[in-house]
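Residue numbers (the working numbering), protein chains in the order written: chain L, 2 to 435; chain G, 2 to 435; chain E, 2 to 435; chain B, 2 to 435.
Any given hint could turn out to be false.
Identical chains share a label here; the pair holds if one copy fits it or two copies do between them.
With a straight-line Cα cutoff of 16 Å, these simulated EDC-like cross-link-like pairs (lysine to aspartate or glutamate) come out [stated by the list, open to error]:
{"hint": "1", "residue 1": "Lys202", "residue 2": "Glu407"}
{"hint": "2", "residue 1": "Lys361", "residue 2": "Asp192"}
{"hint": "3", "residue 1": "Lys371", "residue 2": "Asp84"}
{"hint": "4", "residue 1": "Lys403", "residue 2": "Glu163"}
{"hint": "5", "residue 1": "Lys326", "residue 2": "Asp4"}
{"hint": "6", "residue 1": "Lys350", "residue 2": "Asp389"}
{"hint": "7", "residue 1": "Lys392", "residue 2": "Glu402"}
{"hint": "8", "residue 1": "Lys22", "residue 2": "Asp427"}
{"hint": "9", "residue 1": "Lys326", "residue 2": "Asp84"}
{"hint": "10", "residue 1": "Lys47", "residue 2": "Asp13"}
Hints were generated in silico from the structure; no laboratory data involved.
Here the structure is a predicted model, which is why all the values come from computation and not from measurement.
There are 4 protein chains.
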Amino acid sequence: MIDRYSTKEMRDLWSDDSRFKTWFEVELAVCESMEQLAMVPDGVSKRIRESSSPRAQRILEIEQITRHDVIAFLTDIEEQSGDDSRWLHLGLTSSDVLDTSFALLLVKASQMILDDLETLSQSCLKKAEEYRNIPIMGRTHGIHAEPTSLGVIFALFYSELERNRERLERAAEGIRTGKIAGAVGTYANIDPDVERIALGKLGLNIETVATQVVQRDRHAEFFNVLAQIAASCEKISLTFRHWQRTEVSEVFEPFGKGQKGSSAMPHKRNPILAENISGLARTVRGYAATALENVALWHERDISHSSVERIIAPDATSLTQFMLKRLNFVVSGCSVNHEAIERNLALTKGLVFSEAVLIKLVMRGVLRQKAYEAVQSCAMMASSGNGDFIKLMSRHPLISEKLSPEEIKMACDIKHHIRHTGMIIDRALEKKRK
Amino acid sequence: MIDRYSTKEMRDLWSDDSRFKTWFEVELAVCESMEQLAMVPDGVSKRIRESSSPRAQRILEIEQITRHDVIAFLTDIEEQSGDDSRWLHLGLTSSDVLDTSFALLLVKASQMILDDLETLSQSCLKKAEEYRNIPIMGRTHGIHAEPTSLGVIFALFYSELERNRERLERAAEGIRTGKIAGAVGTYANIDPDVERIALGKLGLNIETVATQVVQRDRHAEFFNVLAQIAASCEKISLTFRHWQRTEVSEVFEPFGKGQKGSSAMPHKRNPILAENISGLARTVRGYAATALENVALWHERDISHSSVERIIAPDATSLTQFMLKRLNFVVSGCSVNHEAIERNLALTKGLVFSEAVLIKLVMRGVLRQKAYEAVQSCAMMASSGNGDFIKLMSRHPLISEKLSPEEIKMACDIKHHIRHTGMIIDRALEKKRK
Amino acid sequence: MIDRYSTKEMRDLWSDDSRFKTWFEVELAVCESMEQLAMVPDGVSKRIRESSSPRAQRILEIEQITRHDVIAFLTDIEEQSGDDSRWLHLGLTSSDVLDTSFALLLVKASQMILDDLETLSQSCLKKAEEYRNIPIMGRTHGIHAEPTSLGVIFALFYSELERNRERLERAAEGIRTGKIAGAVGTYANIDPDVERIALGKLGLNIETVATQVVQRDRHAEFFNVLAQIAASCEKISLTFRHWQRTEVSEVFEPFGKGQKGSSAMPHKRNPILAENISGLARTVRGYAATALENVALWHERDISHSSVERIIAPDATSLTQFMLKRLNFVVSGCSVNHEAIERNLALTKGLVFSEAVLIKLVMRGVLRQKAYEAVQSCAMMASSGNGDFIKLMSRHPLISEKLSPEEIKMACDIKHHIRHTGMIIDRALEKKRK
Amino acid sequence: MIDRYSTKEMRDLWSDDSRFKTWFEVELAVCESMEQLAMVPDGVSKRIRESSSPRAQRILEIEQITRHDVIAFLTDIEEQSGDDSRWLHLGLTSSDVLDTSFALLLVKASQMILDDLETLSQSCLKKAEEYRNIPIMGRTHGIHAEPTSLGVIFALFYSELERNRERLERAAEGIRTGKIAGAVGTYANIDPDVERIALGKLGLNIETVATQVVQRDRHAEFFNVLAQIAASCEKISLTFRHWQRTEVSEVFEPFGKGQKGSSAMPHKRNPILAENISGLARTVRGYAATALENVALWHERDISHSSVERIIAPDATSLTQFMLKRLNFVVSGCSVNHEAIERNLALTKGLVFSEAVLIKLVMRGVLRQKAYEAVQSCAMMASSGNGDFIKLMSRHPLISEKLSPEEIKMACDIKHHIRHTGMIIDRALEKKRK
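Given the sequences, and given the hints that come with them, work out the whole structure.
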């Protein structure tokens, strides 16, 4: 987790301080539950909560000696709460605390990511509305195809982000799972009721069947979903990078006042934010592959997943959040060059409407091959500079026999072409409303 | 897709024949919808359906010339249905047919995988019931920890497979999505009603916002879920490989009569099925990474995803199905060596119960450190061959002061240790019932 | 390995026929070596070679019964060569034959790939020479930067391909490694001299330390190198896709006569070959990740790598070869639109030369910031259509004080800008000559 | 790069301080070269070197304003060296400094990794010598196969590490490549001689054909090699994890005095170091996939690779180094349980020698099938506790006819079995000596 690509809130979440505090909450929840079940004297957990608070610095010092983080943590609490501390961690295995805490931290990280996903989603929705009726050239294979509307493109982003939101909500529900079930998950030395009450207090579900740990297919799903979000961010950023190419110049990511594209070349305005997101997406996708290898642990657990998670949990969540925030800055602050959009729409001189005329002819009974040849001959003449495409068609014997100049014009009308885009945008938005 | 690792039904699904037939179904569904909307003369689609059927051989021949598969397909139908064929493909772009067909094929593949997932899941459930009360050593880090029950281990597999079933059902719902919306998804030359009716006939959802294609985040999720299933299969197969080690010898995959472990070494009985599954899991996981790179296409689509999908769609679905079938053979036919299980349970001479006694002492008010030392001293003596662990504890001053011989014995009783495993198994099964 | 993306020679290489023939060669090489060492009667191997030849059909039939491929193979040979066959496979373990054969097959596959790499490399070299002095706009971030030469871009491809050639030669040398050392690689039942002589005959190196198998780090390197080749192919194909964008239109992949870009839109000319290569590159890169997981086998081997290799060895080698061939078709047959290249060079009206003037001013003692402002003011005027950039600079007080009109013109001269590109191309080619 | 899994020297290398110092060295090397070529006044670089030194804190402050790191850096130097600073960065583009510096940093990181690789390699070699003649059971599929020697296993590790050393040396040579060639690599505003002299001073090669940047196939190879090293570390750590299983107990990773395997279970001694390495290996392998996606940049460069490298360069190098150090601690400090090794060797009561007798019989003219049946019948009797395997064979009619008791005994002698292991170890070591 590097400062450059993370928010303070996410760094705080994964700090030692925050981790130890979460452990403390888990230990207390268990202790309280045992009090409730009369397994621990009344008042113990309240006294511990009031007297103690994990001290990261001290814990790390003790760990230097004990080489065991949970024991170091318990010693620190013992130093503060004295004799009461013997009622902590009773019948627990370290993983009961660590995995339950990990769930709490991941759930919080998910919430931050969900918030930023929602913000970005809203920005796309707003742009979809704003550019609802702005025609823009649609491209397939990088080649001009038929016009679409700029609003549709943002609605496309919106609907994909919404799918990712659903995926993340489900994956977050999957990792909202704790476990207070002992060394191999059998409750050999702890009552299942303790787990039930404690996890209830913490807002977590019970792992259906645990080993020493919560099962890692849940986490693999979570990291996979982050990779999917990253891939969708990449898709949006890629579109911005294409739009901003010198020859295209249609839509630009925000460019700060005083920002310099190049120390030497004053004419440069580079899509560096979008490019940055493309790179980060690759990185986040890499973590997903790693997380999948954590699923197959040995028997009731081996600890190989632990080093992986110490690295990828902070890194993948912070990068994903950062990407979403940065992308939201790009989307919400983008500037549209309407002139360039119109220039590009006109670039092929109407050829992009050839299909519309072709289909009209076929509908009027012309054989497809004949229609194709007729339209193509006009297209070729127009594109080599010998006349206007629409006029040429209006004068072509076969075409003019079947279609009136009015009909030809309509087929070549951008407005006609994008007559359904409003419906598409509405349909995308509707899902939300439900 | 290689024969060795695929079923006939899956090979048939992805055959040229099957693909062309699916295209035909899509074209006919569109034609019928247009008839319904009075855009096409009555009876056309019925006549085409009766007169024609795609001929794979012929289509491939034509493609040699046209170098365009959909055109070759249409030509073949035209050769059979004559003039009526001009009403096919009207206003469609090739991707309307290809992507809608791809959805139909993937949905069918999902169904096969779901069936095999269910079968495997049921086998695990059965084993969970069968071995409900069979104690077996639980291992963490590969080291003996505390006993669990063999039934719990199968319940663990069962509950993870059930999570995968839910994932796959959702992912399959995501790709159950077609698109009949033209070159850039704007319905420029086709009525949205045609799509609505046609996809309804085919049992598919409408892509909320399409470009030329159905969006690839849906497919990425699908391939990610296959990778998750593969990872879970790997986890189960890994357990079998560990169980079957010569020194462990607890549970064995089925070994055919007359099967030879080695051409030279008659004593060998190798877990080759489980190993095979481990390898295939790696392969399937590799496809997920590739699928994620298909999400970010250029503008309204580039065709780079197509070559990827031609390879990984058949390969990933067939390997996943094959793994599930093979793993079901392993699970349902496994043989349990109860003698070895008991031998291994006794291997550490009761040391695995040390925690139980320790906790009982703490509950009786002994300081943890003192209790630990007392139990450890008995454990060390027992493990160096100087006496029986339980008897030593019964004679130890501190321990015997706090615990009666009966209580010590109970703490070291395997039955006591696994008293909750039945509840765990029931809890896992309950989810299903709901 | 699918027909669409593979060559006949590669399919033949990985066919059952070819694999069994290679096994036969290995068995015979061992038998001949034992004859040479007087461990086997004279004439045996010659008689077997003359009487027998592996019959794929028959072997597969036998395997149905024995369920062991090597035994089935040996039975087939026995049926043909009779009693002599007892001298085959003496002291060998199946992996001696399989791994040594695998080495032979991979070496042949490497050679095919090396040939196609060389062909592509030569095509790039030829284009580098041909377009040596053709200026073209250089782009960073997709934004116009400074001119380069089209020849330099092909020289760039050439030099990267050459690096890949070296990588592949080394990796191929690494897998040119066989092993005839018995069940756990200790020569327990076979003389090391047999291995030495047999592998010598087959042109293979001896595995330094084998287990039951040749070590898989060698294969991981090989598949990694294929992934690198794929990534470089992707890089070249990406450039073509960018070049061919409607707004750029500088260089086009070949477009067959009669080829149709779109069944509906006659104006479309899509870079489908380049896009196809981009997709295949993703697929090949996926295999590399999988191959790395084959390195860590259990003890003296587990067989999990085998299923992986049955799939990825044919698939990765055939796709890599296919990509190289297709890319060579693209490079060697590409067409250059000189008009578009010149139009794009002029698009920013000289602004791309701003840095050259700026530096000249700094060299003449002007403070960087002052120089920057002077050049920028002229650039801004020119780009808003108020005058010619060079003329404006010639009239600017500060600039004209330090630089003569001649010097300004020279700084803005494309020829001057690309004066070193010939040297760069020569330098790239020189490496080859050495 | 997290403290827990990195060394101080590696953290220092990638610190802001170290990066800025490296930039300074590159700028000075260029300035000195220009002095040498009389393009810059004599004495300038000496004066700058004496007056200035990059101040990380100050640079980060300035970057807050300029939002461009190289400009911030230059401003800091300017603040210290005054007017002389105008001779810095002349004709350079930021990437000239950044990529050349990146090469210097990566080369240093490689050197650290190479040193630790060498140390680990030497430890394996030492263990290979030490355990040269210690027989240990060889396992294939996790099942007992034939004996090998413990020394051979360490020689196996040694020879694989040596191959990795060669790979890393080559990859490090590949990234030992700088570039001082301007905005698009054409030397438009800088003399190629400056690059030649400056990179010579810095000990770097010249990029054959550069764009704005050094080509990323070089870095992909480097990260791939780190992934290979990680995979080999995983392989070694996996062997330790298997060895340390309770049922196997043959070789143990070091266990610190006072270290606790479990807070509750005093009998636990877990292979946590080896497991940790297994996890880290997964993580490092994940970075390789990401690095391969950096190869295909747009045209003369896009900046998407930059964010990736800011993360994975420190992370992949530090984790790889850490793994090597930790693994060296495991290998060099491991303890061997000779008793367990012997117990396991005897576990199958001689059945592992069955092949040796079988082959001897075949060599004496017995048909393989007959010999197999004879040996198997003795093996089955022995394994069901009805007699000693060797004695049973000595009494078997067919076996005793062909082999003397002495010969049978010799075939079943472990020493005989591992008679070639010394040669294998010597052969592995020999490579080093050359």
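Query - Hints not upheld, ascending by number - result: Numbers 1, 4, 8, 9 and 10, in rising order.
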